[in-house]
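Using the hints provided, position chains B and C relative to the given structure of chain A.
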Amino acid sequence: MATQNPQPERVNYLNKEYGVGSWLLTTDHKRIALLYLLSITFFFFIGGFFALLIRLELLTPAGDLVQADTYNKLFTMHGMVMIFFFLIPSIPAVLGNFLVPMMIGAKDLAFPRINLLSWYLYIIGGVMMLHCMLTGGVDTGWTFYTPFSTAYTNTKIVEAGLAIFVAGFSSILTGLNFVVTIHRMRAPGMTWSRLPLFIWAHYATSIIQILGTPVVAITIVLVAVERTLHLGIFDPKLGGDPLLFQHLFWFYSHPAVYIMILPSMGIVSEIIACFSRKRIFGYSFVALSSIAIAVFGFLVWAHHMFVAGISVYAALIFSLLSYAVAVPSAVKVFNWTATLYKGSIHYDAPMLYAFGFLGLFTMGGLTGLFLAALGINVHVTDTYFVVAHFHYIMVGGAVMGYLGGMHFWWPKISGKLYPEGWARLAALIVFIGFNLTFFPQFILGYVGMPRRYYQYPPEFQVLNVLSTAGATVLGVGYLLPMIYFLWSMRYGKPAPDNPWNAAGLEWKTASPPPTFNFDEEPVVTWEAYNYEELDSPHNDAPHKQEVPVAR
Amino acid sequence: MPDSQTVAVSGEGHNPALLHHFATEEQQRNSASLGMWIFLATEVMFFGGLFCAYLIYRLKYFAEFSAASKTLALSLGATNTAVLICSSLTVVLAVYAAQHAKRSMLLGNLILTIILGFVFLGIKAVEYNEKFEKHHVPGPSFQFNEVNVPGHPGQYANPSHAQIFFALYFVMTGLHALHMIIGIGIFVWLLTAAWKGRFTPEYNTPVEMGGLYWHFVDIIWIYLFPLLYLIDRHP
Amino acid sequence: MSEHSSSPLKTYVTIWLTLLAGTALTVYAATVDLGNFNAAVALTIASCKALLVALFFMHIRGASERLIKLVVITTVFFLLILLALSMADYGTRAWS
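Protein chains in written order, with this note's numbering: chain A, 306 to 856; chain B, -7 to 227; chain C, 0 to 95.
With the rest of the complex left out, here is chain A (with noise of 0.2 Å):
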């Protein structure tokens, strides 16, 4: 069995100082990346709660839950608080702050007090939306399209906008703040080539926040003043282009699903190499594909108004576009799949997660493509096909992605090993409970189920009736890391400092780590993922641990 470091006594960032106002008015991005953890489960139950009313109502065919405007508030709901204030910051604001400056061997991020202020920019930004939700709400769809947001509805579409609108200058500063930290703060000896692939994942999300979210920022500006000045910039009747609202809205929104999926890339590529003890296959091409997904990802966007009324020629560009972009993606999981082949398999739960990635991205994926096609679009826009697209992507690719991260890194954050057995139960329940919410909606869409709707003819009931049953699955299969976790602060074994025997300089340091991550600033000589030379039995580098022992 592989020793225990002895733990108790010694100062780590958790136990450095004690009381709210050390977390509250910490600089050191670890414990800014758990007030993050705590912040966005907080709005994953919100955006869930608002999921299951919406799949109770969704159990019969007829709207006998709730009137037709709840209904429209209850997904618009959902869909505000899932992408704004859970997926979006999830990744990059509780494992990216943690261990971006870990894994390039940094003290800090570049600008301490700036995450931190980010961190409260999105607290403002969800209490804001939270009494927008108490006092109303929104019923446009989260992607709230004029004319109807801006002249017809009379829910709370300006305070919405201002959240989201506040919410958004958070995203941007910690892209900021991760962008300058990776070009400025690289230890000694950690090239551009040496940076683990999470590195390159959150550098290429970075982008994309800085360069997108101001343009949504922009269009909510537009949509207030227009809504509290009854002007006509998307107004039909005034002369405006309701079209220009969507252009600009998804000129960031599409960029923001690459902000969702890149960083939970990242995460997989750590896990596959460390469960299959080898080098990422392809190393350069899933780097710089993060940064292509990035680019054309930008490209893009009016494929999501394809019979909205853009002009055919146009529609034509973006469809060719959306099927190049496609491209880097793909790369990636040829990648993956070449890093498994032949390699040392474990299929701790972390595993377990990043394999659910490659096959539910993968059908996610292709779907997308299914949807870039003019002709098939024209058939399953607006119907649950799209629905269960982008819920492939985003829950079985993205969260999957923030799960097995959360396992692999969680001794490293925490000091403690979870449960093995239960997580590896956990990651099974998530993966039948996802198959069966959404595949079904896959059906349901092409034989034409329109989404947002809350009544539906008797003969779609059996598929809805699986897919509620689906998501009851699936939520247990959530609740249960969370209750594990929990337990494992207080009664987990103490983890080692490299339980994994995982390769880079975060696995270097202790679990816990101290508030300056390093004892001494790690000079690096060792390409990434050196797992031939952590597994030779001739190392005897003082951290080597056997083969993966966290049980």
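If you are wondering where the hints come from, they were derived from the structure by calculation, not from laboratory data.
Please note: incorrect hints may appear among the correct ones.
Unchecked claim - Label pairs and their in silico Cβ distance ranges:
hint	chain 1	residue 1	chain 2	residue 2	range
1	B	Trp181	A	Ile737	51 to 59 Å
2	A	Gly614	C	Val75	24 to 32 Å
3	C	Gly90	A	Thr448	23 to 31 Å
4	B	Lys94	C	Leu79	36 to 44 Å
5	B	Leu66	C	Phe76	45 to 53 Å
6	A	Asn459	B	Pro227	47 to 55 Å
7	A	Leu730	C	Gly90	19 to 27 Å
8	C	Gly90	B	Lys94	52 to 60 Å
9	C	Phe76	A	Pro799	34 to 42 Å
10	B	Ile174	A	Trp328	24 to 32 Å
11	C	Leu79	A	Gly614	22 to 30 Å
Claimed, not checked - The calculated BS3-like cross-link candidates involving lysine-lysine, where the alpha carbons are at most 30 Å apart (straight line), are:
hint	chain 1	residue 1	chain 2	residue 2
12	A	Lys542	B	Lys126
13	B	Lys126	B	Lys62
14	C	Lys9	B	Lys94
15	B	Lys126	B	Lys116
The beta-carbon is built from N, C-alpha and C at its ideal position, and this holds for glycine as well.
Structure of chains B and C alone, referenced to chain A:
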């Protein structure tokens, strides 16, 4: 690629302005600089959305945009452009002064910058007031009746389309003015810090960074002026 | 700040005067009927002025590192993408 940083022993002998998580002052200054440039990139995209809306509507409603643009006071707009260009000079001279330990030059140019900023805002206020009086402010009291389209006598501009011009005019110049106000605030802070002697040839990063922000605000106006004021000024 | 030591101030004043001249030129050009080229001329002059401010006042020209230039070029590129691809829609609607 960062320069290789030696492991810094924090504590003795370094500038008190060096923050603990940086190894060297150069790393700190380079980080601040990159951070400010990236922030300016976000500002470019922020205004960029407005430029996109402007572009589309100018092409669509060129007649109304011409007519509406002609009602703006060209001399005031041109004066404001000159004011901002002069303020960019005073800013860059202030940065130079900070780098060369010329205290009175630094203070003088910071003060001049602030004054020029207020002059800009004052002229803007005069323009906005004129727009208000002529009922060109978008909203319930907007009027743009029987205004001839330049070059097409007998053709009247559509008030709804003209309102779009003015909506964009006020949002774009209003957002710009907001950034000016923030810029003036930043420079007031820089002035007080400079007065206390906080800037030296070794440490003057805040002045440089404030300067970058100010120049950016100037660049935005350099584009706003011809786009808003000079659409159709030929007789 | 890697220019010849005595001339930063001279450079600044020269650029300042150039910018003022450019403003006067823009106003003058707007009074001449160039048809569709008025906009192009105005934007060209504005871009030259912006470039001068960026290169000389914001010190991009003297910067030893290409990173800042990359940040600026990337940002302008994506702004142009927003404008150009939106125009791909608006410009071709009449064709359908």
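Going through the hints against the structure:
Evaluation of the 51 to 59 Å hint for tryptophan 181(B) and isoleucine 737(A) yields a pass: the beta carbon distance comes to about 58 Å. The hinted range of 24 to 32 Å is satisfied by glycine 614(A) and valine 75(C), whose Cβ atoms lie roughly 29 Å apart. Between glycine 90(C) and threonine 448(A) the beta carbons are some 25 Å apart, a value that agrees with the proposed interval 23 to 31 Å. The hint said 36 to 44 Å for the Cβ distance between lysine 94(B) and leucine 79(C), and at roughly 40 Å that hint holds.
Restraint check, leucine 66(B) to phenylalanine 76(C): a C-beta distance of roughly 33 Å breaks the suggested window 45 to 53 Å. Take asparagine 459(A) and proline 227(B): their Cβ atoms lie about 49 Å apart, and the range 47 to 55 Å holds. Against the hinted window of 19 to 27 Å, the Cβ-Cβ separation of leucine 730(A) and glycine 90(C) comes to about 57 Å, which falls outside the hint. About 53 Å separates the C-beta atoms of glycine 90(C) and lysine 94(B), a value consistent with the hinted range of 52 to 60 Å.
Phenylalanine 76(C) and proline 799(A) have their C-beta atoms about 50 Å apart, which leaves the hinted 34 to 42 Å range violated. The supplied range of 24 to 32 Å is met by isoleucine 174(B) and tryptophan 328(A), whose beta-carbon atoms lie about 30 Å from each other. Take leucine 79(C) and glycine 614(A): their Cβ atoms lie about 24 Å apart, and the range 22 to 30 Å holds. Proximity of lysine 542(A) to lysine 126(B) is assessed by CA-CA distance (about 24 Å); at most 30 Å being required, the pair is judged to hold.
The hinted pair formed by lysine 126(B) and lysine 62(B) meets the criterion: a straight-line CA distance of about 13 Å does not exceed 30 Å. Among the hinted pairs, lysine 9(C) with lysine 94(B) is consistent with the structure: their alpha-carbon atoms are about 17 Å apart, no more than 30 Å. Distance check on the hinted pair: lysine 126(B) and lysine 116(B) sit about 15 Å apart at the alpha-carbon level, within 30 Å; holds.
Of the numbered hints stated above, those contradicted by the structure are hints 5, 7 and 9, listed in ascending order.
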